[in-house]
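Protein chains: 2
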Amino acid sequence: MTQSETTVEVVDFVPGRWGNPADPMHLSDSVIGALTMLGINEPAPAPVDVVVPATRLGADALAALEGTGAAVATDDDTRRSRMRGFSTPDLLKFREGDGTDAPDAVVAPTTQEQVAAVLAVADQHDLSLNPFSGGTSVTGGMMPERERPVLSLDLRRLTGLIDLDEVSQIATFAAGTRLPEAERLLAEHGFELGHFPQSYEGATIGGCAVTRSAGQSSIGYGRFDDMVVGLTVATPVGLAEIGTAPKSAAGPDLRQLILGSEGAFGVVTTVRVHVHPLPAVRRFYGWHFPDFVAGEAAMRTLAQSAVKPTVLRLSDEAETGLNLANPSSAGAASAGPVGGCLMVVGFEGDEADVDCRDVYVTAQLEKLGGTALGTEPGEAWRVGRFRGPYLRDPLLDAGALVETLETVTFWSNLDRLKADVTAAITGALGDQGTPAVVMCHISHVYPTGASLYFTVIAKALENPLEQWAAAKNAANAAIRAAGASITHHHAVGTDHRGTYLEEIGDVQRSALRAVKDALDPNGLLNPGILLP
Amino acid sequence: MTQSETTVEVVDFVPGRWGNPADPMHLSDSVIGALTMLGINEPAPAPVDVVVPATRLGADALAALEGTGAAVATDDDTRRSRMRGFSTPDLLKFREGDGTDAPDAVVAPTTQEQVAAVLAVADQHDLSLNPFSGGTSVTGGMMPERERPVLSLDLRRLTGLIDLDEVSQIATFAAGTRLPEAERLLAEHGFELGHFPQSYEGATIGGCAVTRSAGQSSIGYGRFDDMVVGLTVATPVGLAEIGTAPKSAAGPDLRQLILGSEGAFGVVTTVRVHVHPLPAVRRFYGWHFPDFVAGEAAMRTLAQSAVKPTVLRLSDEAETGLNLANPSSAGAASAGPVGGCLMVVGFEGDEADVDCRDVYVTAQLEKLGGTALGTEPGEAWRVGRFRGPYLRDPLLDAGALVETLETVTFWSNLDRLKADVTAAITGALGDQGTPAVVMCHISHVYPTGASLYFTVIAKALENPLEQWAAAKNAANAAIRAAGASITHHHAVGTDHRGTYLEEIGDVQRSALRAVKDALDPNGLLNPGILLP
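Sequences listed follow chains A and B, in order.
So the first sequence is numbered by our numbering: it starts at 1 and just counts up by one.
So the second sequence is numbered by our numbering: it starts at 1 and just counts up by one.
DSSO-like mimics (lysine-lysine), calculated; alpha carbons at most 27 Å apart, straight line:
#1 A:LYS308 / B:LYS367
#2 A:LYS308 / B:LYS308
#3 A:LYS367 / A:LYS308
#4 A:LYS367 / B:LYS308
#5 B:LYS367 / B:LYS308
These are computed hints drawn from the structure, not numbers from a lab.
Using the sequences and the accompanying hints, generate a full structural model.
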């Protein structure tokens, strides 16, 4: 019944396609039928081979990099595999054969000392560095400015569980450790990280830290930035060990300056995170609510209560109708009541605490208008939880434009934000003659607010990059106008930079710029990412 | 049974003495007996009148300040009342008649615009600013460098509940609002902040933010830095509105750069904080554990559980023996079993969630070797919870040296830290011929660690400032050597600055310095506090 998450394997994504190439997903007949209703009846043009430009790395710089002991590659295949991330625009550029964002070399250190040595070489030879580990960015985090030759600093060989403090429940990982590998290593000691973003199969510990990842169990185990107690950061001006205690009143919390810094201030080499014993019990339920407003009110009540589940997620009517919470049967008729909204409620822990929370939460949800659907919809969601994005490639193949975006605000602003973003996207796509389906779910809640995650499907036009840019710009403007944050867990990268700078304003921007200039005075690290 | 905390009044501390002058505490005969055992048998010299030096503020600057619309005072009494905080060294200097730290003027704006105008005048006239609100600093936070004339920027007239978002459970307060006033204003709407540091009667919303205050219900409602969702900060380079969402992946969390900044980066003028409905039920219990190690293990189990109480506190054998957890009967025989350690466990919330947590926690504590003592010791602690520090003045009067200090570390390091700090203090005081009693409690716990709060009593020597400095330096060195943080909730101020800079190291220091220089380029704000 309660399969361990550690059976999920590390997956090496193929450049330009999300997920496990050995286990792709195919569109069901019912999804194809739904696409037809949106006028999607012609497959996308066949992808063009991606040609990458010649490396701009000079012989001297190459020799100096090789002298650090790190592995260095300048061949086309390796460089192509470290180009861009996995946003729909990234995938579309791949399909068009656009290789212009390829790094000039890929450098893979195996030790922290080699990372520092590579930083020094980059400084001497005027190179830019783009730290790479999971590569699952969906906001242009792999696309630094290209004025100088760009090195992809591949951290995947900085891997492993360095230390486990079972008493304090703290694990120290090398930053390049992939999440499934981290779980496998912890499980040998009876522990678990419990951090399950949808990019789980590909993402790394360091990547989750610098992008403020949020996992599907965030109400239970916290966001990744809540879980981090310490970081080692290699900066061009030296190494920093950050975080001496769980919490402290000794000045600003400088962990929070590196978390979310997206490689622009330094290269995170090790991360100390809170872990917990492997749960003895995992229980996932489906609940039905008559509409989104009722479900949302129930989410809020639980988020503001002292007794909480481990997982809490609510699909709106559109997402529930398309059954997207269970991608294995997406588009098929839902097993539960017709209409309304599906909520997934999960509990993990030992028998006693799960029982205690289950009884309390069940009583609350019944009181708030929910109908229990039993464990089947919850388990179906749990088993398929990482496979939603797998649908994107076959949808793009079929001629659809499909993309997601997310935001976060306070509870009192959530309905307005959902309505405004939906209207902005459907308006911008409708103006181009392509009506869109916009679905939404809440998957991360806090006492004071919640995230909104939108999935958009429309017919792809001849230039889908421009078509989507109009929708994305409209969504960004709606988010800004509503006073919400431009991203809840996808980070800033290059795609969100403009809206992000509006969001924080001049004073905060000057503080960030000052930190950047102090730690990376020559601007080697990720130029153009986070800050211009 | 469950008296509301809102019956506790705002208290105007008298300079040089902690707490409510209308309700002082006196030493019981049994405490006096305990002091005799430490050789404390001669009262301290009578306090000398404090003479403050003439103001250094020029007529031009004074006129310009008055032109801002803020109230300006340069009389001796007002300046004396804004001098230093309430550490034992602060109190000792008062007793010695030392007025050398008095500000040159006290400026009290009533609006955010006036704050900005005062910053501009300070810039033009080369004045320093020391933001003041609660004035309860115990780490030299009211003692900036005095190279330039010093203004005490009194924020107590920036007061009130500006907005209450009941749906999102967010209250917006003017920074100078005192905590009991904040509770009174919220209670009118059925809400509560639930932040109860021991300085509750005097402390303010803004002060709690910039010093990362921790309240006695931190396991239930979080530390103050957990509760803050937004801040307005007036800096010399402009106003910043920080915090657009509960949590976000949009870059570093810049709230965490202002929280703990102790007025060195800007003047916090409003704070948005998470609040909760007034609890229908408050239940506080006492528990007995055979020794500190057993009690500590139980604390850790609860801190690492998904189901937690609202208050959790453990006194060690020494503190339990002196009955310090209940200052009204300090030194009297404890009501419970002789020996061992007293734990206080409190629950607040609605009937259903308190019942649920109470049953779970009770079962855990019984399993972990605790003996339930019923509600009497818990209620006694709750009623007297702010009065512990009231004992300090009569103890100083009686000829004792008494002071507290606190630190925080990870669980696996806690026993070592407690032993090393205790040995450092007793060693440093013993070397001076004054054996000391060192008591300790844990009052803030996290999944990965906990705070330690020490209370020290010894006979005062002729120069108690030097006597204590030796003990404090030894404690600081022990904390640093153990890798712990120099402060859990008392902040850095001037007293902890040296050890703090060692704790964070050069790279983090340069990042902080860069932020300081960007936001306060002429160094007007709190020179010497937090950073040199």
